[in-house]
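Peer 1: Letter by letter, the chains look like this.
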Amino acid sequence: MGILAAVLSGFVVAVIAPWLTRWLGDRIGWVIAILPLSITAYLFTFIPAVADGEVRQYSLQWIPVLDVSLSFQVDGLGLIFALLISGIGTLIMFYGGAYLQGHHQLGRFYVYILMFMASMLGVVLADNLITFFVFFELTSITSYLLIGFDHNSEASRYSARQALLVTAIGGQFLLVGLILLAIVGGGWEFSALVDQADVIQDHSLYLPIMILILGGAFTKSAQIPFHFWLPGAMAAPTPVSAYLHSATMVKAGVYLLARVNPTLGGTEAWQYTLTTFGAATMLVGAYLAIQRTDLKQLLAYTTVSTLGLLTMLIGIGTEIALKAAMVSLVVHSLYKGALFLVAGTIDHETGTRDIRILGGLRKLMPITAVGAGIAALSMAGIPPLFGFIGKELVYEAALDMDTWAVALAFIAVVSNVLMVAIAGITGIHPFTGPERETPKHAHEAPVAFWLGPLILGALGLVIGILPGLVDARIISPAISAITGEPVEVTIYLWHGLNVMLAMSAITVALGVVAYVFREQVRNLSNLTWELGRVGSEAAYDGALVLLDIVARGQTRIIQNGYLRFYFLTILVVLVVAAVYPLATYGDIEIAGDLNDIRFYEWGVAIIVLLGAYMAVRAQSRLAAVAALGTVGYGVATIYILYGAPDLAMTQILVETLTVILFVLVLYRLPQFATLSRPSSRARDAVVAVTAGALMTVLVLIVSNVQFEPPISEFHAEEAYPLAHGRNVVNVILVDFRAVDTLGEIIVLAVAGIGVYALLRLRLWEDRTEQ
Amino acid sequence: METLMALVVGALFASGVYLMMRRSIVKLAIGLVLLSQSANLLFFTAAGLTRGSPPLVPEGETAPPVPFADPLPQALILTAIVIGFGVLAFTLVLVKRVYQTVGTDDLDEMRSTDT
Numbered sequence: 001m002g003i004l005a006a007v008l009s010g011f012v013v014a015v016i017a018p019w020l021t022r023w024l025g026d027r028i029g030w031v032i033a034i035l036p037l038s039i040t041a042y043l044f045t046f047i048p049a050v051a052d053g054e055v056r057q058y059s060l061q062w063i064p065v066l067d068v069s070l071s072f073q074v075d076g077l078g079l080i081f082a083l084l085i086s087g088i089g090t091l092i093m094f095y096g097g098a099y100l101q102g103h104h105q106l107g108r109f110y111v112y113i114l115m116f117m118a119s120m121l122g123v124v125l126a127d128n129l130i131t132f133f134v135f136f137e138l139t140s141i142t143s144y145l146l147i148g149f150d151h152n153s154e155a156s157r158y159s160a161r162q163a164l165l166v167t168a169i170g171g172q173f174l175l176v177g178l179i180l181l182a183i184v185g186g187g188w189e190f191s192a193l194v195d196q197a198d199v200i201q202d203h204s205l206y207l208p209i210m211i212l213i214l215g216g217a218f219t220k221s222a223q224i225p226f227h228f229w230l231p232g233a234m235a236a237p238t239p240v241s242a243y244l245h246s247a248t249m250v251k252a253g254v255y256l257l258a259r260v261n262p263t264l265g266g267t268e269a270w271q272y273t274l275t276t277f278g279a280a281t282m283l284v285g286a287y288l289a290i291q292r293t294d295l296k297q298l299l300a301y302t303t304v305s306t307l308g309l310l311t312m313l314i315g316i317g318t319e320i321a322l323k324a325a326m327v328s329l330v331v332h333s334l335y336k337g338a339l340f341l342v343a344g345t346i347d348h349e350t351g352t353r354d355i356r357i358l359g360g361l362r363k364l365m366p367i368t369a370v371g372a373g374i375a376a377l378s379m380a381g382i383p384p385l386f387g388f389i390g391k392e393l394v395y396e397a398a399l400d401m402d403t404w405a406v407a408l409a410f411i412a413v414v415s416n417v418l419m420v421a422i423a424g425i426t427g428i429h430p431f432t433g434p435e436r437e438t439p440k441h442a443h444e445a446p447v448a449f450w451l452g453p454l455i456l457g458a459l460g461l462v463i464g465i466l467p468g469l470v471d472a473r474i475i476s477p478a479i480s481a482i483t484g485e486p487v488e489v490t491i492y493l494w495h496g497l498n499v500m501l502a503m504s505a506i507t508v509a510l511g512v513v514a515y516v517f518r519e520q521v522r523n524l525s526n527l528t529w530e531l532g533r534v535g536s537e538a539a540y541d542g543a544l545v546l547l548d549i550v551a552r553g554q555t556r557i558i559q560n561g562y563l564r565f566y567f568l569t570i571l572v573v574l575v576v577a578a579v580y581p582l583a584t585y586g587d588i589e590i591a592g593d594l595n596d597i598r599f600y601e602w603g604v605a606i607i608v609l610l611g612a613y614m615a616v617r618a619q620s621r622l623a624a625v626a627a628l629g630t631v632g633y634g635v636a637t638i639y640i641l642y643g644a645p646d647l648a649m650t651q652i653l654v655e656t657l658t659v660i661l662f663v664l665v666l667y668r669l670p671q672f673a674t675l676s677r678p679s680s681r682a683r684d685a686v687v688a689v690t691a692g693a694l695m696t697v698l699v700l701i702v703s704n705v706q707f708e709p710p711i712s713e714f715h716a717e718e719a720y721p722l723a724h725g726r727n728v729v730n731v732i733l734v735d736f737r738a739v740d741t742l743g744e745i746i747v748l749a750v751a752g753i754g755v756y757a758l759l760r761l762r763l764w765e766d767r768t769e770q
Numbered sequence: 001m002e003t004l005m006a007l008v009v010g011a012l013f014a015s016g017v018y019l020m021m022r023r024s025i026v027k028l029a030i031g032l033v034l035l036s037q038s039a040n041l042l043f044f045t046a047a048g049l050t051r052g053s054p055p056l057v058p059e060g061e062t063a064p065p066v067p068f069a070d071p072l073p074q075a076l077i078l079t080a081i082v083i084g085f086g087v088l089a090f091t092l093v094l095v096k097r098v099y100q101t102v103g104t105d106d107l108d109e110m111r112s113t114d115t
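Chains A and B are the protein sequences, given in the same order. Using my numbering, read the first sequence as starting at 1 and increasing by one per residue. Using my numbering, read the second sequence as starting at 1 and increasing by one per residue.
If you're looking for bench data, these hints aren't it; they were derived computationally from the structure. By construction, the Cβ of each residue, glycine as well, lies at the ideal position given by its N, Cα and C atoms. Among the hints, erroneous ones may be present.
Reference listing, derived: stretches of chain B covered by chain A, where coverage requires no fewer than 3 residues with Cβ under 8 Å from a Cβ of chain A [to be verified]:
{"id": "1", "stretch": "2–14"}
{"id": "2", "stretch": "18–32"}
{"id": "3", "stretch": "39–53"}
{"id": "4", "stretch": "56–63"}
{"id": "5", "stretch": "66–72"}
{"id": "6", "stretch": "75–84"}
{"id": "7", "stretch": "89–95"}
So that you can see chain B by itself, here it is in the shape it has in the complex:
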């Protein structure tokens, strides 16, 4: 199952960076989302996958029944998802603002600070 997920990670990474290399600034933002999905999934897969056993402690026990999915990467990815959202929100508003001010969506035309 790691093999399949590794393929998904690679494909998401490739599509993310390909979009980020486009000249259109909106594609840059979409590429950013794909890239962060890829990064989260990479971390998730690299830590090892366990099917269907979340790290939950059942009633009456003091530890989750073995085997359970590694909780630490999950906690880190959770943080990453939320922060990724913050970054995306900021990027989107910035893109909108830039387009409004500069009047172009072509990154090649945003090479200097003077408009």
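Same shape as in the complex, but just chain A:
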């Protein structure tokens, strides 16, 4: 029950957030932060049990017929992610309040980000596949709203749409993959599928399932070639970017990989795919990052790189690799959150994020500088920070492989060299050197701005010095959940003098060199800038243009705006759809007896037919109206002949009124003109006559068939005894079916009001003309 409340409370508070914002004003950030803080505290209570290998589950029936239940579980993997989401969420909430202070849509910001946080918690705690998928898609939708928060900016809208399209299309693959997985594995719960790993991996559908699920994970976690949407997502307000990049959205894909690892992982296909894509993403992400000059873009591309690293490590799948993955996950969340928040603070205080303009802020913003510095050192992997441990473990995991060890280790070193340089550029460079002129004169920001980076930085330092705080409690249970069997790991800051330490030293040394010569490195890497034109982003743009063309083309054909073509289509479809079953049904009796017709019936029928023909052929409006009248009175006569005097009376009245109405407006109406070409008139005539013939045949068939005895027996017998009326038709109208008649009167009244309004309406144009 508690888990359900923890997940869903975000949605509830989101609903009342706009009123809270109006009521609390500037203090809103601190108040909203209470929610993620209490969720974090609640999650902490799970740590002892989860560390002992327990898995807490909670399930609520949702759609029992489909085996879909709202089931959640807290295991090591879910817990580590949930702690990051709610913990960093707390910092984001009060930072956001300060960052967007006075923004007229602050309430909306909290609606979106709370729903987003709740969706993320749902993703990492869900046990049922469908529940998981629903929350997974909710993160796509809410991040769309967050990225497009500044909806007046075209860039923002473009990025939001890009993120939504890429992740939602991936989501469709994921859905199919999950359904296949459930069918093959015979269960809808992640926890149940773990035991079916052998069955699933031997199944012929294993490869399709894996590819489909990877489609969802790779798009969400911005793996090459889907990496391009992620840097665009920084169009969101900075607190959102910090949250999306550090702890949430993009980690959902990595989480998915880790979650299905015990079920799908361990095969060669899985290993090769994940390591290849992961390593490529890691390298390309770092390389693309070094080209940038915007603080947020630099950080965004390093996120791509880290996501590649995590994918690669999960692909390697050894215990040491998973250990490296979980440590890197925490390391990255801490420093990336801090550095993004610092980037936002710098932007807020100086009015720019361009690293070529920034410099010397340490005296103006000392506390922010401390937070940024610690985070940057962790990112660069300098001891004794947690990032150092992460990097050592990554190298160890790469070298530990049977094949490709050297290649992967080399890629990891190159990427990390670039990361060290970027850590310097983003976390140290803006604060060092001489003071520069910036668009705004900087001051130390208020507490809400520097508290977050400082806490995150400090955490990176404390865990780095005392890794024993987390290894058995948080990291080990997470690894156990990813491997599917209990694992005990311990983490040390000091590994001794070994290859990894040497590699670390080389990385840092080369990274410092790259930092010192950052201008040159950037200029050099910019020589390949043009390559971006042939990348996947260009393919995405091309696909959108193509979609527009196709949509426009088919709208021109289907929604062409010609009423008569719509009509023609309807008739042709009607005729074809009715003739085919009639022709195949066979055994249809058609009443076709013309012998019992009396001469006056012939007379009336011929008058009506002549009237209809005249109405069609009439060259003047008055002739057409006269013909219409003939038809109307003729039909009234038919009603009289066959025992319907009430109908005849009504028809005569209405017909008279119709003719009067036509004549009244007739001279306000345009002259008849022959507008269509002869060929289209012929075509319409053929279609109309065919449709008319079909109607005739249908009437003939229908009047021969009677499925049920008519209920009018009742009306006829009871009209007088029950309703004291001698005219059965009248009794039906005003007594048995009186409510229908009331409805009819209302329709007439509405039509009357419409007529009156149209006649009285003076359009603005008319007024100006008069």
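For this one, chain A is given, so just place chain B on it according to the hints.
Peer 2: For chain B alone, coordinates are given in the frame of chain A:
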């Protein structure tokens, strides 16, 4: 007699839809009238025709003498006639209004909302 009426129904339907496929908006309105006549008559015929015996209860009796015309379709058609008139009145005024505002009676020139 159903056969003859079926022919009338088909002919009215054909002329109605033919007029509705014209480009002139006035012809559209005339076609609409013919179409509703056709629909009413179709319903009337399909329910079965009975010559000259309206469903009226004579003095001193409690039910109409058999055979009598089916009263239920009559009640429904009566409603349809009246509503058809309402629709027609609205259509006519709308047509007049459109012609006045847009300045054309050619439906092909009324394809977009901008004039």
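Peer 1: Hint numbers the structure violates, sorted upward?
Peer 2: Those not satisfied: there are none.
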